[in-house]
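Peer 1: Sequences listed follow chains S and P, in order.
So the first sequence is residues 1 to 391, counted in my numbering.
So the second sequence is residues 392 to 782, counted in my numbering.
Hints may contain errors.
[As the list claims (entries may be wrong)] Simulated restraints on C-beta separations:
hint, chain 1, residue 1, chain 2, residue 2, range
1, P, V533, S, A329, 37 to 45 Å
2, S, I8, P, S734, 42 to 50 Å
3, S, K388, P, R443, 48 to 56 Å
4, P, G711, S, I8, 53 to 61 Å
5, P, M716, S, N335, 36 to 44 Å
6, S, M25, P, A720, 28 to 36 Å
7, P, G711, S, H26, 31 to 39 Å
8, P, T704, S, G27, 32 to 40 Å
9, P, G711, S, S157, 30 to 38 Å
10, S, D28, P, D479, 34 to 42 Å
11, P, T721, S, D144, 31 to 39 Å
[Stated by the list, open to error] Quick look at which bits of chain S chain P covers, simulated, 3 or more residues with Cβ under 8 Å:
hint, stretch
12, 45 to 57
13, 70 to 77
14, 83 to 89
15, 323 to 335
16, 350 to 356
17, 362 to 368
These are computed hints drawn from the structure, not numbers from a lab.
Glycine included, each C-beta is placed from N, C-alpha and C at the ideal position.
Number of protein chains: 2
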Amino acid sequence: MTAISFDILARSKTSRARAGVIHTMHGDIETPAFVAVGTKATVKGVSVPQLRETGVQTLIANTYHLHIQPGSYRVARAGGLHSFMGWDGPILTDSGGFQVFSLGAAYGKSVSKVTRDDLNEATTTASVYDPDVASQHGKLAVIDEEGVSFTSHIDGSLHRFTPERSVEIQHELGADIFFAFDECTAAEADHSYQREAMERTHRWAERSLKAHRQNIEAQTTQGIFGIVQGGRYEDLRRKSARTLSGMEFDGYGIGGSYEKRDLDTAVGWVTEILPEDKPRHLLGIGEPEDILQGIERGIDLFDCVQPTRLARTGTVYGPGGRKFMITAATHGGENEPIDKNCSCSTCHTYTRSYVHHLFKSHEMLGATLASIHNLHFLVSLVEKERTKILA
Amino acid sequence: MTAISFDILARSKTSRARAGVIHTMHGDIETPAFVAVGTKATVKGVSVPQLRETGVQTLIANTYHLHIQPGSYRVARAGGLHSFMGWDGPILTDSGGFQVFSLGAAYGKSVSKVTRDDLNEATTTASVYDPDVASQHGKLAVIDEEGVSFTSHIDGSLHRFTPERSVEIQHELGADIFFAFDECTAAEADHSYQREAMERTHRWAERSLKAHRQNIEAQTTQGIFGIVQGGRYEDLRRKSARTLSGMEFDGYGIGGSYEKRDLDTAVGWVTEILPEDKPRHLLGIGEPEDILQGIERGIDLFDCVQPTRLARTGTVYGPGGRKFMITAATHGGENEPIDKNCSCSTCHTYTRSYVHHLFKSHEMLGATLASIHNLHFLVSLVEKERTKILA
Chain S
1 MTAISFDILA
11 RSKTSRARAG
21 VIHTMHGDIE
31 TPAFVAVGTK
41 ATVKGVSVPQ
51 LRETGVQTLI
61 ANTYHLHIQP
71 GSYRVARAGG
81 LHSFMGWDGP
91 ILTDSGGFQV
101 FSLGAAYGKS
111 VSKVTRDDLN
121 EATTTASVYD
131 PDVASQHGKL
141 AVIDEEGVSF
151 TSHIDGSLHR
161 FTPERSVEIQ
171 HELGADIFFA
181 FDECTAAEAD
191 HSYQREAMER
201 THRWAERSLK
211 AHRQNIEAQT
221 TQGIFGIVQG
231 GRYEDLRRKS
241 ARTLSGMEFD
251 GYGIGGSYEK
261 RDLDTAVGWV
271 TEILPEDKPR
281 HLLGIGEPED
291 ILQGIERGID
301 LFDCVQPTRL
311 ARTGTVYGPG
321 GRKFMITAAT
331 HGGENEPIDK
341 NCSCSTCHTY
351 TRSYVHHLFK
361 SHEMLGATLA
371 SIHNLHFLVS
381 LVEKERTKIL
391 A
Chain P
392 MTAISFDILA
402 RSKTSRARAG
412 VIHTMHGDIE
422 TPAFVAVGTK
432 ATVKGVSVPQ
442 LRETGVQTLI
452 ANTYHLHIQP
462 GSYRVARAGG
472 LHSFMGWDGP
482 ILTDSGGFQV
492 FSLGAAYGKS
502 VSKVTRDDLN
512 EATTTASVYD
522 PDVASQHGKL
532 AVIDEEGVSF
542 TSHIDGSLHR
552 FTPERSVEIQ
562 HELGADIFFA
572 FDECTAAEAD
582 HSYQREAMER
592 THRWAERSLK
602 AHRQNIEAQT
612 TQGIFGIVQG
622 GRYEDLRRKS
632 ARTLSGMEFD
642 GYGIGGSYEK
652 RDLDTAVGWV
662 TEILPEDKPR
672 HLLGIGEPED
682 ILQGIERGID
692 LFDCVQPTRL
702 ARTGTVYGPG
712 GRKFMITAAT
722 HGGENEPIDK
732 NCSCSTCHTY
742 TRSYVHHLFK
752 SHEMLGATLA
762 SIHNLHFLVS
772 LVEKERTKIL
782 A
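Modelling step: build the complete structure from the supplied sequences, incorporating the hints.
Peer 2: Printed below as a string of structure tokens:
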């Protein structure tokens, strides 16, 4: 008995791309789909009705962050994430593995998602690598076979995640889909360490599944995804995909820390092996080109902080998907939308001149309007690909 | 020919309170009404659809701030404030007099609205008296008979407002109702200076009216209000009310800087004299008790930054209008709305626990949800008084 199911409706004739539907207790997710990031049970700067308007079908919240604040017991008492945050559509939660490691032991190395030459790296990883915060806690995550001990990046308090505890917290959060607890390594870790971490992740995956099966109620309402690891190594990525394919997960995440060049290879190796009839989520990747590549390689779900993080600094997707800074002086007098072919509520109602003015005036609404636009851009991009696959 | 008109529908039998309707080119304002503050062409943290949901009928933007950024010519090119900010209901603009003086010559004295013992004064006047900004420009506003020269609090650039220039800018902004340019004095200025400033304000009022009459197009779309000054002195307040009553304004603002004790007297003196058939706006006053007092003394319009400013620091109006800090630990686990009798969208959808969590997590949505609630609280408070007067 599983709480979620997946139907494939069509497949591309020229690539491994597929269009499908994930059925959850809170409605369907038509795939491929862009998943909004709602780390702390809110998509930054965007209200629930505004989020619906962007066309977003689902969002992913974060176990590490919600465990630290407000605590999963509070979310549980509110009736779970859906009622806590007022979103009645499908929700995912990440296991917290990435955050435990990126905020802890791996600090100073590079547990981060794709870093790109055309992006300011400090911006890309700001929420993870805030030096003011990180310097206060030093080497914080200590890994053993059972789990990870770490200190909160907020107040330094000591916490411990095991696979069982991560599942328990995610049961309390009550997302429709959640992820098994994994060890996320730095991209430059050597083969020996990557293999060790991957094998531990596989053992933790088994334990996560077992912990989930023991909760009958959660079984009927929540689906669990395993996370493929293995760094940059083909043998490890393939092995991880094969091993996890043998476990009864409802779907699969592809995790780890990448650089641009890894994306092409690692994703392809893995999707060759993962079972065709289960959805696949490429964790934390959401640049337009990366999404298009991912879809071609058979990925169904993408999430990324990029559209809202860029928006808060005034960077928006313009015509043809070309990013520009709305704060640049040249846009101050432009009485046209950010993208005149865009159907989002920001482009429907406001000019570049107004959005520019809001940023220049340090008005919160600027970040909100830009976030709505950027989310809508990515959602539409993926929707268009879906339409092509169906056609 | 006037662009706005005012009908009184009912009068209280026990006080000077009245219920009416101001007709504008962008719809009616049912009075008494609470006017949201949208200084820089946005109500801080609240989108236009969210603002509509609060029940707010109209908002007031600021001539000084919009002149500095983005410049009224840009708003004009966008088709005026309504289309620039996407609000198709009635809009007011303040003349900029208060800001020119509070950001300039009067710095270090107290050109501010009512300061109250139960409020942190630094918070109340933060946007006006930011010492980091103010210290850079020293004594900036220089007054002469023609107008005021001042430097921008943003970049130190030199500007000059005359009554004619203020009217011209407000024509470009295109609000339904705008205010004549006035000199706003410090509350502690002596009788001699208050009289001098008041008399100058009266001459500027004449010039503002004349400048408005010369613009035929603006005449047909915009109404102009004069501003009563006179500080704490009964003879001056009464004289100012009489003098302005003799001019053909479409309505009247009651301006100046008050302390709590002044409100009772100054407003009463003035509304005894102002013509009954014209609307009256008490500028910058919006604490619940002050509003109730103002309504009893025959005030029709109130605006105040308080509900949104308080909201951004986490202070909300609870049951019975009692303010509390949603950030206090005790509210973290409360699975009930901010006020269970409140019909705003925040109270309808979210618990105190969730709003508390948003503030603790430094999420923008916290300020937005609290602002929506506080605005709705004040709008409802005034609506209830209107219903009583009509009954």
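Peer 1: With reference to the structure, classify each hint as holding or not holding.
Peer 2: A quick look at each hint next to the structure:
In this structure, P/V533 and S/A329 break the distance hint of 37 to 45 Å, their C-beta atoms being roughly 30 Å apart. The hint said 42 to 50 Å for the Cβ distance between S/I8 and P/S734, and at roughly 45 Å that hint holds. Look at S/K388 against P/R443: about 38 Å separates their beta carbons, and that is not inside 48 to 56 Å. For the pair P/G711 and S/I8, the beta carbons lie near 57 Å from each other, so the given range of 53 to 61 Å is met.
Checked against the given bound of 36 to 44 Å, the beta carbons of P/M716 and S/N335, roughly 42 Å apart, stay inside it. The given range of 28 to 36 Å is respected by S/M25 and P/A720, whose C-beta atoms sit roughly 33 Å from each other. One distance hint, 31 to 39 Å for the beta-carbon pair P/G711 and S/H26, holds here, with the actual separation near 37 Å. Separated by about 37 Å at the C-beta atoms, P/T704 and S/G27 satisfy the suggested range of 32 to 40 Å.
For the pair P/G711 and S/S157, the supplied restraint of 30 to 38 Å holds, since their beta-carbon distance comes to about 37 Å. Between S/D28 and P/D479 the CB atoms are about 36 Å apart, so this pair conforms to the stated range of 34 to 42 Å. Between P/T721 and S/D144 the Cβ separation comes to about 38 Å, which falls inside the hinted range of 31 to 39 Å. Counting residues of the stretch 45 to 57 of chain S whose beta-carbon sits less than 8 Å from any beta-carbon of chain P gives 6, enough to reach three: the coverage restraint holds.
Residue count for the stretch 70 to 77 of chain S with a Cβ under 8 Å from a Cβ of chain P: 3. That meets the three needed, and the coverage hint holds. With 3 residues having a Cβ less than 8 Å from any Cβ of chain P, the stretch 83 to 89 of chain S passes the three-residue criterion, so the hint holds. Using a Cβ-Cβ cut-off of 8 Å, 3 residues of the stretch 323 to 335 of chain S lie near chain P, which meets the minimum of three, so the contact claim holds. Coverage of the stretch 350 to 356 of chain S by chain P holds in this model, with 5 residues showing a Cβ closer than 8 Å to a Cβ of that chain against a need of three.
Coverage of the stretch 362 to 368 of chain S by chain P holds. Counting CB-CB distances below 8 Å, 5 residues qualify, and the rule asks for three or more.
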